[in-house]
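A.B. asks: Given next are the chains, with one letter for each unit.
There are 2 protein chains.
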Amino acid sequence: MATVQTFAADPGSYRHWRLDIDGAIATLTLNVDPGAGLAPGYELKKNSYDLGVYIELSDAVQRLRFSYPQVRAVIMTSALERMFCAGANIGMLAQAEHAFKVNFCKFCNETLGAIEDASDSGQVYIAALNGTAAGGGYELALACEKILLVDDGSSTVALPEVPLLGVLPGTGGLTRLTDKRGVRRDLADVFATTAEGIRGQRAVDWRLVDQISRPTDFQAAARRLAEDAIAAAGARPATGTTGPAGVELTPVSCYASNESLRYGHVRAEFDRRAGTATLTVSGPAAAPSSMAELRDAGAAAWPLAAARELDDAISRLRFGEPELGTWLLKTTGDPAAVLATDELMASADHWLAAEITGLWKRTLRRLDATSRSLIALIEPGSCFAGTLLELALAADRQYMLDGVFTSDPDERQPAVLVVGATNAGPLSAASGQTRLAVRFGHGPRLEAALAASGKELTAVHAAELGLVTATPDDLDWDDEIRLVVSERAGFSPDALSGLEASLRFAGPESTATKIFGRLSAWQNWIFLRPNASGPQGALRRYGTGQRADFDRKRV
Amino acid sequence: MATVQTFAADPGSYRHWRLDIDGAIATLTLNVDPGAGLAPGYELKKNSYDLGVYIELSDAVQRLRFSYPQVRAVIMTSALERMFCAGANIGMLAQAEHAFKVNFCKFCNETLGAIEDASDSGQVYIAALNGTAAGGGYELALACEKILLVDDGSSTVALPEVPLLGVLPGTGGLTRLTDKRGVRRDLADVFATTAEGIRGQRAVDWRLVDQISRPTDFQAAARRLAEDAIAAAGARPATGTTGPAGVELTPVSCYASNESLRYGHVRAEFDRRAGTATLTVSGPAAAPSSMAELRDAGAAAWPLAAARELDDAISRLRFGEPELGTWLLKTTGDPAAVLATDELMASADHWLAAEITGLWKRTLRRLDATSRSLIALIEPGSCFAGTLLELALAADRQYMLDGVFTSDPDERQPAVLVVGATNAGPLSAASGQTRLAVRFGHGPRLEAALAASGKELTAVHAAELGLVTATPDDLDWDDEIRLVVSERAGFSPDALSGLEASLRFAGPESTATKIFGRLSAWQNWIFLRPNASGPQGALRRYGTGQRADFDRKRV
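Chains as they are written, first to last, in the numbering used here: chain A, 1 to 555; chain B, 1 to 555.
Extracted from the complex, chain A is given alone in its bound form:
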C-alpha cells in the first residue's frame, strides 16, 4: 500500500463525497470516483471505499460540527442508481498487508463512532439508502440513528462478509445489530450468512432498517425522518445565547520529515534505533479571556488546534511508522493556562466549547485504541493538568521526575500534576468511564484523587495518590527511562498489543469497547488465517470465479 501522506481533507477537494447544506439539514452524498483510490491496483466500483473515502468522511463529520453548527440532521445517501455503497473494496483488502487492514478498520470504526457521537451535539445522522447497502456500506448505515431503505423490489441491506469473504463485518456491524438495534441474534445469524441480503418489509420486521419507502416517495421520506429527528431532539445543547456561528476548519499544517512531524503545538520526534516517537504537546501561552476571544481565534485557538494536530499525528504514526513501537508522551507549558482554558470552556455553555471538548474526547479515545506502548514522561516544564493530564492517564505507565534536573540550564521547577473538573467526566474513555475511574475503580482511591482537584501535586504527592507509576530522581531518570524503552522494544509487539488492549479497557464495557476490543481481536485473528488470506482463502479468491478452499477444522 502507498503510504498515507495526509489525513486532512476539505470539501472543495473531496473526490468521493458531496456535502450540501440546506438550513438545518445537511446531505452527504457518496459518489466514489472509481479511479481515485489511494493506491494503484484496484478500482472503487459501486461506491466501494478505501481509506481515502473514509478520510473525507471523517473530515466531513468533523467539519459539520465545527463549521455548520446550525445543522441538526445529516442525511447520508448515494449518487448512484440502486447502490448506496458496496462496502470496503475487496481488491484493496486482498492486496493490503495485515497491519494496514487492522488500522484501516480501526480508522473506519473511529469515524463511525464520531457519527454516533454527533447525536450528543444535536446532529443526528439519517441513512437514506437509495440502493443496496452491503457490508461496510450497511455498517455505515448502522452508525446512523435511523435507516430508511428504498423499497424498489431489489435493493437490500446485507452483511455478506462471512459467506463471501470468510471474514467478519469489520466495522461494528454485528455488535450494532444486536446491541444498538435489538436484532434477535438468530435472525442476525441468518442475515449475516445470507450473501444477497434482506429487502423490503422483512428488513423492517427484523429491525435491520427503520422504514422502507417507494422510490417516488423516497426523498420526501428521508426529509421527514430528518425533520422528525430535529423535532425529537429539541433545542441543540450548549448553543449559548448568541446562537451558533461556525468556525472554519483551516488545513492542519504539518512539517513532516524522516525524523519528525512538526505542527504548531504538537511535535513527534523519532528515534528509529530505540523504536520510539516522542510526542510533545505544548500547552497554551495563556488562556483566552472569554469564549468570544476563543471563538474569534477560530481554528487557531489553542484547544482546537492542538487537538486537531494530535489527532492527525496519531493517525499518521499509526499507518506510517509501525516500527516506532513506543510513544513517549510529554507536555510543555503552564498548567495554570491549561486549567484556565478548561474552566472557561466548562462554564461557558457555548456550542464551540462543547465541540472542542468532544474533539478532545474522541482524540484521546483514538490514543487509547492505538496499538503502541504509551509512556508518559512528566518532567519540569510540563503541564499535565486537566485536559492534558488525560494524556498521562491514557498512557500505560507514568514516570514523574522527583525534583529537578540539576543540569537544567533553564533551572525549571519540579513538575506538578493537577487534576481538574475535566478529568471527572467530559473526556471519558470509550467505556463511558473516566480514565481516573478505569485506573482506580469506584472507591476511596478515586475519591482521594478527585478530592485533590486543583492542587499542584508534586511527585511525592502524585505517587501517594497513585497517579504515577514511578518517581525516579535526577540520578536515576535517564537510566530508568532507557531501560523501560529498551525492555519494551525487546518484547513481542503482538503480545504488547494484546496486553495493552486488555489493561486499557479494564472495567465495564460498552458497545464501543466491544467493537474496539473484541471485534478487532477476532478480526485480527481471522485476517491472519489461511482461510481468509491464504492463496486459497476467501479474500484472495473473491471475484476470481473460484471458490475458497477451506480447512474445515474448527478451533
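Bear in mind the hints are in silico, worked out from the structure with no lab data behind them. Among the clues, some could well be false.
Since the list can't tell identical chains apart, any single copy or any two copies may satisfy a pair.
Claimed, not checked - Calculated lysine-lysine pairs in the DSBU-like style (CA-CA distance at most 30 Å, straight line): (1) Lys-180 with Lys-146; (2) Lys-146 with Lys-455; (3) Lys-361 with Lys-455; (4) Lys-180 with Lys-361; (5) Lys-553 with Lys-180; (6) Lys-455 with Lys-45; (7) Lys-46 with Lys-361; (8) Lys-146 with Lys-553; (9) Lys-146 with Lys-361.
Given chain A, work out where chain B should sit, using these hints.
C.D. replies: Chain B in isolation, oriented as in the chain A frame:
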C-alpha cells in the same frame, strides 16, 4: 497431541492432586507427576500443568460441591518446596496445534470459572502460595477469593507470558488483575512485563495478593483465612433443613465409537460427510416425587446424570472432532416431566437442587463458548421446556417443525416449547443475563415471552413470540435443514467462530465474557503470529537459550 480419551477422573486415581477433607475445610494439594503428561514429549516439572492436570482439578472442584457439601472453604496449595505452580507447560504448548491450544485455554478458563462459581454455593477457595506462582499458576490463584503468599525472600507471583513467551496470560489473569482485584492498570503493566515477578510486601501493596506470611506461620495463616471466609460467608445457602449429605459422583460412562458417543441420557451421532454431530438429550421418564427421592437416586438422578453427560460430550467433541463443525441439538421426552423436575428443584431449598442447577448453568455456558455452529431442531417428540429449552436458546438458530411428520410411524403430536421459571434466572449466560434477555433485550419482547410461561407453545405461537427462527412444515423440513447444514459447511470455520462468538455474547458484558470473548480472541491472534509460534518465535525458542527474533512492526 494425543486425543483426549476422557474428561472423567476420580480422586482415587489422581496423578497430580491430593484432596484432603478436614471438616468444613478441604485442601487441594498440587503435586504434579512430571512423567504423567497426557502426551509424550514434555515433562511436567515444577508443578507445570497440561490438560490432564486441569481435568483432575475440574473433577475435584465438581466433586467438592456434590460429594462434600459440608466443605465451606478449600485451600489450594502445593506439595513442592518454594514452588506453587509454574503454569502451563511450555514444551506442551510449543508442540501443540493451534486448535488444541485454544481449546486447552478454554477448558482451563471454564475450570477457573467453576472455582469462582463455588463461592455462590458457600465453598470459598483460598490460594495458599507456599512458593512461586507463575503464569497459569498465578492465574489459578487469581480465581480464588483470597491469596496468601509465603514471605520467604524469594517466592513471587508472576505473569511472565509477555516477556518470556510472547503471548498473553491465557486464563484470565489480566482481566482478573484489574477487574476483580482492582490492581492499577499501570502497575499491572509493570507486573505483567516483569518476568521474575513480585514478592513480599510489594505484592500486597499492589493488590497482587491479600496477605503474606512467614514460612513458620504459613499453614496457620492459610487456615485462619479459611476460617475467616467461613465466618464471613454465614450459613451455607440452600442446605435445607436436613443438612447436607453428599452424593457420590460415580464415573460417567460413555460408549464411544467412530460414529457416536452414547451415554445414558445423551447421545452424539456423527455425520462426517455433512460435518455434523447430532446431540440428543433425553428428558426424564418422570419427575422424582420429592427431593429425598432425587437425593437417593444420587448420580443416577436424571437432572444430574444428564448434565454430567452433556458436559462430558461437549468437551470430547471440542477436542476430538474439530471437523464436525455443526452440532444439531435435539431433545426427546415429555416436556411436563422436565418442568416438574425443574419445579421440584426450584421449590426445594435443598443444597443438591442448587448444585444441580449450578451444574446445568456451567454446562450451558460451556455450550455457549463452544466454537461450533449450534442449530436446534425442534420436532415432534421433543421436550424443549424449562432447563432443556435453554439448549435451544443457546443455539445460533432454532428450527421448529410446523405440524407433524406425516410419515411418522409413531404418529407423534406436533412439538411444543414451554418457557418455565428456570428460563428467567438461574441458568443465566456468562454475562449474567438470561438467554431470553440476550435474545430479546429488556423490553416488550422479553415480557411477552415470560408472560407465556407454562404454556405449550406450538410452532405458530413460538414464531409469533420470536422464540424460533423458522417453522418449516413436513414438506420443506428435510430440504431446509439440509440446506442450512450444507451452507454452514461451506463457510469459513474461522469466520463462523467469530460470528457466533459475537452474536452469542450480545448485550452487557461481565468479567467472564471478557475472558471468553475478548481475551480468547486476542490470544487466538497472538498464538498464530510468527512472533509467538513461528520457528524464531518466543514460544518455540523458550528454553533453548536463544532469544526470539521478533518482527517489531506493530499493527
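A.B. asks: Each hint needs a verdict: does it hold in this structure or not?
C.D. replies: We went through each hint and held it up to the structure:
1. Lys-180 with Lys-146: Cα proximity of Lys-180 and Lys-146: one copy only (11 Å, versus 38 Å across).
2. Lys-146 with Lys-455: Classified as neither; 46 Å inside a copy, 37 Å across copies.
3. Lys-361 with Lys-455: within (23 Å within a copy, 50 Å between copies)
4. Lys-180 with Lys-361: both (21 Å within a copy, 27 Å between copies)
5. Lys-553 with Lys-180: neither (32 Å within a copy, 35 Å between copies)
6. Lys-455 with Lys-45: neither (57 Å within a copy, 53 Å between copies)
7. Lys-46 with Lys-361: Intra 34 Å, inter 48 Å, cutoff 30 Å: neither.
8. Lys-146 with Lys-553: neither (40 Å within a copy, 40 Å between copies)
9. Lys-146 with Lys-361: within (24 Å within a copy, 38 Å between copies)
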